[in-house]
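Q: Chain by chain, the residues run as shown.
Protein chains: 2
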Amino acid sequence: MKKPLILVTNDDGIVSKGIRELVDVVKEIGEVVVVAPDSPQSAKGHAITITDPIRIRKVDVFDGIDSYECSGTPVDCVKIARNVVLKNRQIDLCVSGINHGSNASINVIYSGTISAAMEASLEGIKSIGFSLCDFSHQADFSPCIPYAEKIIHWVLENGASPTNLINVNFPKTNDIKGIKICRQAKARWIEDFQEGVNPFGEKYYWLTGKFVNEDAREDADINALDAGFVSVVPVHHNLTHTHTLDHGILEELSKI
Amino acid sequence: MKKPLILVTNDDGIVSKGIRELVDVVKEIGEVVVVAPDSPQSAKGHAITITDPIRIRKVDVFDGIDSYECSGTPVDCVKIARNVVLKNRQIDLCVSGINHGSNASINVIYSGTISAAMEASLEGIKSIGFSLCDFSHQADFSPCIPYAEKIIHWVLENGASPTNLINVNFPKTNDIKGIKICRQAKARWIEDFQEGVNPFGEKYYWLTGKFVNEDAREDADINALDAGFVSVVPVHHNLTHTHTLDHGILEELSKI
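Just so you know, the protein sequences line up as chains A and B, in that order. Residues 1 to 256 (our numbering) are what the first sequence spells out, left to right. Residues 1 to 256 (our numbering) are what the second sequence spells out, left to right.
Do not take every clue at face value.
A short list of chain A residues far from chain B (calculated; beta carbon distances all over 12 Å) [as the list claims (entries may be wrong)]:
no., residue
1, Asp66
2, Arg89
3, Asp175
Distance condition first, Cα-Cα at most 20 Å in a straight line; then the derived SDA-like pairs of lysine to any residue [to be verified]:
no., chain 1, residue 1, chain 2, residue 2
4, A, Lys255, B, Lys177
5, A, Lys177, B, Val84
6, A, Lys255, B, Lys150
7, A, Lys58, B, Lys203
8, B, Lys255, A, His153
9, A, Lys203, B, Val84
10, B, Lys3, B, Val33
11, A, Lys255, B, Glu157
12, B, Lys255, A, Pro143
13, A, Lys210, B, Asn88
14, B, Lys150, A, Ile256
15, A, Lys210, B, Lys177
16, B, Lys203, A, Val59
17, A, Lys186, B, Gly124
18, B, Lys180, A, Ile249
19, B, Lys255, A, Asn158
20, B, Lys180, B, Ile145
21, A, Lys186, B, His243
22, A, Lys87, B, Asp192
23, A, Lys255, B, Tyr147
24, B, Lys210, A, Asp52
Read the hints as simulated data drawn from the structure, not as lab findings. Beta carbons: idealized from backbone N, C-alpha and C, even for Gly.
Using the sequences and the accompanying hints, generate a full structural model.
A: The following block contains the structure:
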């Protein structure tokens, strides 16, 4: 049987530990091509590079795996992987990550990891964003690996929801309780900016913040993670709030 | 009666024509503060700056209006506006734009304009992203202005849908037919990359593409725009595909 073609990307950059762990998983499953950012691209959301050119460079980072670093964003990586590197060959699966840090709840909209997977899903490619709730560069991914393997096999066989995209987060624990199908928790960041003065005497601001969970539902992804489960959220890219349409809430606005 | 506090931002940069037109509208309606990027930030999606500090600088761009340019992304602008410039004062409305170019359909996920408005909406602020379907730097915004005024007044009074966010696109025409409440059209970009060689002999790729509408519905935003209407789409930030949950499509995955 023909091996599935698997595209691997991430947002932490091609030399991060998380992508290495992910490549180790998928190289046993399919033909693997890696196209990942040449520098950390966390929190780049669905940014693409349109006002500048981008570059790709073949690199020898993963033993025996066809790999390219890209000067663009995570979404750029997926676009150029499809169009230039793979010359529009059919990709059977796109996996993004494993991210160093949670992409549960509202983090999903800021996440380069998920945006890269979403970009592939827009093209009808089964896609999975993987993240571990541990920001450390040296995070221990080993408890996640058996789950990542099982999820990848399942998705290759069954699909990643009708939208082609699932957001998978792993709890930071050696004692994972299983997998739970979840929804994006209602939560938010309460921002703050650390102020400082640069060497030229100019004031700068550095974003910081505190994450606040406002969701008590058991199947909210953060709560599942807190309870030791792997959270799996089916994700889509249709931002229309259909409830508003179905209830005619803006109808008056069409008559002004 | 106290004037509403209105935050203005965009993604084309603080000196673009579109934001100037928008400031001219809102300065008649409320107390206006502008915090906008110091450089073009189109297609930055929901990117935020976390690995570097950002700067803001008070500038005198709009006569008599409190204005700041920011070195960050559109979403950074909203965060720093709330937290640093306005010191967590209650903002009554955030308007973003008027963007030079369409943010209808799938463009919404790439758009810095909409992401900035979405960031404000996450904080419970009524928010509107405005865009004109004309990429030209010298686009003629005059046919849109009476509609922008009416929409802003309506939203201040009635809210911008339960999600606090609407995506407003103006057709490129002098003969606007009215306002239509719409949904995000199913459409996509068929990408291509222009290849070239830089002065150092290195190959580069520059993203280009063709936009393809795959949606025949009359209330799909692109089709309303093509018919000469202003499209208004209620937008939310909950990316969970609830259909998948409601139909238990991933249930098996929780048992592996």
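Q: All hints are to be evaluated individually against the structure, with a verdict given for each.
A: Verification of the hints:
no. : hint                    : result
1   : Asp66                   : 17 Å, holds
2   : Arg89                   : 15 Å, holds
3   : Asp175                  : 18 Å, holds
4   : Lys255(A) <-> Lys177(B) : 11 Å, holds
5   : Lys177(A) <-> Val84(B)  : 42 Å, violated
6   : Lys255(A) <-> Lys150(B) : 10 Å, holds
7   : Lys58(A) <-> Lys203(B)  : 12 Å, holds
8   : Lys255(B) <-> His153(A) : 13 Å, holds
9   : Lys203(A) <-> Val84(B)  : 12 Å, holds
10  : Lys3(B) <-> Val33(B)    : 13 Å, holds
11  : Lys255(A) <-> Glu157(B) : 15 Å, holds
12  : Lys255(B) <-> Pro143(A) : 17 Å, holds
13  : Lys210(A) <-> Asn88(B)  : 15 Å, holds
14  : Lys150(B) <-> Ile256(A) : 7 Å, holds
15  : Lys210(A) <-> Lys177(B) : 46 Å, violated
16  : Lys203(B) <-> Val59(A)  : 15 Å, holds
17  : Lys186(A) <-> Gly124(B) : 13 Å, holds
18  : Lys180(B) <-> Ile249(A) : 13 Å, holds
19  : Lys255(B) <-> Asn158(A) : 14 Å, holds
20  : Lys180(B) <-> Ile145(B) : 16 Å, holds
21  : Lys186(A) <-> His243(B) : 18 Å, holds
22  : Lys87(A) <-> Asp192(B)  : 10 Å, holds
23  : Lys255(A) <-> Tyr147(B) : 11 Å, holds
24  : Lys210(B) <-> Asp52(A)  : 18 Å, holds
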